[in-house]
Amino acid sequence: MSSSQTNLLQGTLDLLILKSLKTGELHGLGVSRRIEQITRGAFQVKPGSLFPALHRLEEAGWLTSFWGESENNRRARFYRLTKGGERHLGHEAEEWQKIAAAMSHALKAT
Amino acid sequence: MQFRSRLESLMRNLLRKHEVDADLEEELESYATMLADERVAGGICRPEARRSTLAELGGIEHIKQSVRDGRTGITFELLWQDVRLALRQLRKSPGFTITAVFTLTLAIGANAVVFGVLNALILRPLNVPQAESLFVVQHGSDVASHSYPDYLDLRQRNRSFDDLAVFAISQSGLDTGKDPSNVWQYETSGNYFDTLRIQPYLGRFFHDSDVHGPNSAPYVVLSYAYWHSHFQDDRTVVGRVVRLNRHPFTILGVAPPGFQGTILFFVSDIFVPVVNHEQLFGDKMILNARGIRWMFEMVGRLKPGVTPAQATADLNSVDSYLKKSYPKEESNDPYTLARPGLHGDYLNGPTRTFLTGLMLLSGLILLAACANLGSLFAARAADRSREVALRLALGSSRNRILRQLFTESVLLSLAGGVAGLVASILLLRRLSVWQPFPRFPLHVPVSPDANVYLVALVLALVSGALFGIVPVRQILRANPYEIVKAGSTGAFGRRITARDVLLVVQIAICAVLVTSSMVAVRGLMRSMHSNFGFEPRNAMLVDTDLTTAGYSGEKVPAMQRRMIDAIQAIPGVDSVGSVNYPPLEPPGTWQGLVYTDTTEDLSPSNAAGRLSCLAR
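Residue numbers (numbering that gives the first Met the number 0), protein chains in the order written: chain H, 0 to 109; chain C, 0 to 615.
It is possible that part of the hints are untrue.
[Stated by the list, open to error] Negatives, chain C to chain H, calculated, CB over 10 Å: (1) Leu13; (2) Arg87; (3) Pro148; (4) Pro199; (5) Asp233; (6) Val236; (7) Glu386; (8) Ile400; (9) Phe533; (10) Glu534; (11) Pro581.
[What the hints assert, rightly or not] Interface residues of chain C toward chain H, partial, derived using beta-carbon atoms under 8 Å: (12) Arg5; (13) Met33; (14) Leu56; (15) Ile62; (16) Ser65; (17) Arg70; (18) Thr71.
[Unchecked claim] Below 30 Å or equal to it, Euclidean Cα-Cα: the simulated BS3-like pairs (lysine-lysine) are: (19) H:Lys82 <-> C:Lys63; (20) C:Lys16 <-> C:Lys63; (21) C:Lys16 <-> H:Lys45; (22) H:Lys18 <-> H:Lys107; (23) H:Lys21 <-> H:Lys82; (24) C:Lys283 <-> C:Lys327; (25) H:Lys97 <-> H:Lys107; (26) H:Lys97 <-> H:Lys82; (27) C:Lys63 <-> H:Lys18; (28) C:Lys63 <-> H:Lys45; (29) H:Lys97 <-> H:Lys21; (30) C:Lys16 <-> H:Lys82; (31) H:Lys21 <-> C:Lys63; (32) C:Lys91 <-> C:Lys16; (33) C:Lys177 <-> C:Lys554; (34) C:Lys323 <-> C:Lys283; (35) C:Lys322 <-> C:Lys283; (36) H:Lys45 <-> H:Lys97.
Treat the hints as calculated values from the structure; they're not laboratory data.
Positions of the beta carbon are idealized from the N, C-alpha and C atoms, including for glycine.
Let the sequences and hints guide you as you build the complete structure.
Put into structure tokens, the structure is as follows:
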């Protein structure tokens, strides 16, 4: 896989994680299930890329994490969007819309 | 916001590493458990669910490592790992470590010492404000001495200098009422301190406005060191009257610490106005004698915007006027400018050449040390070929292995650099307080400063990189499969060639170094045992100065006679005599000209030679 593709996918993953946390705090498994759900199963996030991404986003200050209890009374690490994270999500979503619109326009052109 | 969060993460990752790792471990564990929970809910038995979950995760360790690799401060952590590993490796081979550090200590220490001297004498500007506009005025290519009337004319007629000051060096007897003692003094023009733009530490300096003709300014300014050692930092000395050669002089103030005049090698005790020379030494002539160049040095501060070349031209146009007016006394040498500090080009040239040579030699020493350590490192890398091969086979990247080897070499060179620097600082301190000739206040002011530390550090890093780079090709070309297969005898190919080249380089450099040091030592030995035409052994010198004790005229020979008789009476004394300047001792600043019998025109340019004259 070339590096440009990795970067693209990484950016996509970050955006999806931020989006999945928009509606409320989730633990790692919750994040991956939610992404599956909102992409209608198109993206299945493996833990090998999920956890590095979560920690990276937390270190960037867009997420905070804390220990809590899961729905099945398991101790789990939950993630929540910070104010900065919300702003970042808005900004990134807008960028993505622009790119997506431009791409689909470009592909439709004859 | 983002920066702060990054910084917090960095601190947490570095300082609370175990906590962070334990958290990650627990998080992944809980993830696996919850995934298994889902499967159990789907109807699979728990052990089977757990097994399949873990299989799907593909190794928790692997995930942990990817999380760690993305953490802020990962570079520090890798570096720290490399450093710890390097320290362990070095501890395993103490012989190698000690040899390497010791070699580097010697090599870097030698360089730091030589650079320290070079820095203090050549590179560092004089310790006065705006030293870059200060120049020594020379008459001839390397003669900085002038006659007093010449100085007055130059000062009055030039248009390039803000101020032009002059001084002579002499000795006086200073009597505070208790203990008359010999002091070295600068006899300066009234504007000396103002030309240098320095401020007194205590009291005030004398200025041009204090000077109104011969013997009008019986003032003395003490150097900080002399005030400290002879007046015990007594702040009430200002205004006190002391006797210089039996004449009352008023102490005006104390010069700032660290100021030692405009000649780096020479430490003066006191400063007095030169107009009082007649009072001090009973010589009515010399201040008006245009032919006697006894003023030791003339320093001038250029006006802003005037280049040294313009100033030189200006001085020479004044000189052409002087030559016309006083054809007998003026020499044909043109005026030139030189940097202050080393008595113009007189010492500047030789010092520069000598130190450049030394710097070159010590650079060669460092190069030889690097070649030596380079081949040691190559041998070490070859010995460790199996370790390296194993690490390569286990998936370690070549970059990581190279970085680790570099960490080792840089650690060694830093250790050697620090040890060498400490040694050089001790040596330079000793050198700074060293007085090579007890009779003269000469010293070598070479206290190390930040420049020296920086150079030592850079040298250490550069040499670390230099000898660390030697085994790089071996590592890059290493084939782990071949080496592991070959067993313990296995080694990297082509290693002999690289090391042979290094050995040849090393031998060549060492041959140069040994030869040059032998030549230097032999030259020194020869000069110590050369034939002076007299036998210096068992001769003792006693320094006396009757002028400073107030003797003059007829009373001098009588007193000298008495002293000679008294010394003659000491048992064991074979013969006694007195001389103005003993042989081999540097002549004073009073010089005379020697002419052949046939010379009619007694101008300096026709002189057959110079000699120190018996002026006292």
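> Checking against the hints above, which ones are violated?
Replying inline: none
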